[in-house]
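Enquirer: Keeping their order, the protein sequence lines are chains A and B. At position 13 of the first sequence the residue is numbered 13 (this note's numbering), and the sequence of numbers has no breaks. If you want this note's numbering, it's the position in the second sequence, counting the first as 1, plus 167.
The set of hints was computed from the structure by calculation and includes no laboratory data. Glycine is no exception: its CB is placed at the ideal position from the N, C-alpha and C atoms. It is possible that part of the hints are untrue.
Chain B regions said to be covered by chain A (calculated; three or more residues, Cβ under 8 angstroms) [to be verified]: (1) 201-212; (2) 281-287; (3) 320-327.
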Amino acid sequence: MECRECLGLISEYVDDELPEEWVSDLENHLEGCPACRASERELRDLRREIRGAVESLVPPRGLEERIISSLWVSERKVRQVRTVWTALLLTSLFCPFFLLLSPIFAMFLNLAYVSTEALWRTGFTLLESAPAPLSLSLGVAGLLVMGLGGYLVRRLLRDIPANEVFS
Amino acid sequence: MTDKDLEIVLRCRSGNQEAFTDFVLHYTPYVYRTAVAFLHDRVEAEDLTQEIFLKVHRSLSQLHDIRAFPAWFKRLITNACLDQLKKKPPLPTAELNLDRAAPTGAEQWETRLILREALAELSLEQRQVLLLREWQGYEYREIAELMGIPLGTVKSRLFSARAHLKNVLEEETDVRSSSPGHDC
Ligand SMILES: [Zn+2]
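Using the sequences and the hints, build the whole thing.
Expert: Structure below.
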């Protein structure tokens, strides 16, 4: 191998990319040729120098902090956008469903209204037809029962943690 | 990858905020240096570093094999740099604001400064190939694939980039050895 050929291949040799069959030829030449050997060393030195030059770049002060804070801000934004989209999607999915069932909801509402009205009317008719003292005591007893009911419900809800009530 | 790196990455994958802070602290110098080396613009490099960490944060959970992390991370950084250069090629006059902070060894510092200036003088294509090889340690085949160029082009660009840098360094050594009173 001649120096000319050798110099053309050294770059690949230094990168471990020289085809196997040429390596021994090239190494033989390098052993006997100080000039090419110097060239090889130069290339290896150059690699070290390039790495050193890049290594010597110092990040500006506070870059890490800026990265971290911008990261959390943008993550929060992403999460907010995701929540809004999920809500919109769910709503648009359930809208037709609600529309479809709206007559049934209306029916139930009407049923509740009609039955409550009937109950009230029956109660008042009964109270009116009863003798005055009885009707008065029944009224007072009704109020007491309602108050007690309200109190019990409040107590129940206060004692049991909310997450258990709704789970 | 050391055990410490592995541990940080493992903790990050579980979505731990504190762990990701450690991750950023640990890897910012490497990411930033790589970005500056490729882009030759400190402001853009800073923005890109931020973007890279954002990408990592979003896609780290998709990395199934933790041992693949170094290659995955390096690829992500490389692609981000190459994409940025494609999007916005640096101006030919772009100059690296070299920090002339207190040098550790004056002579070594000067060589590095000169080398960084010489790197900036290379054509964009030459610099990309050279950095992919010398700094990122990619094989010729991988460089060809990353840049979408033939293998022969990788070799020739690398060869001419090295020839240019060698010349610059040689000139620099000549100047230094001929200037008296420089060896302090
Ligand atoms: Zn020779």
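Enquirer: Give a verdict on every hint.
Expert: A quick look at each hint next to the structure:
1. 201-212: holds (count 4)
2. 281-287: holds (count 3)
3. 320-327: holds (count 3)
The structure meets every hint from the earlier list without exception.
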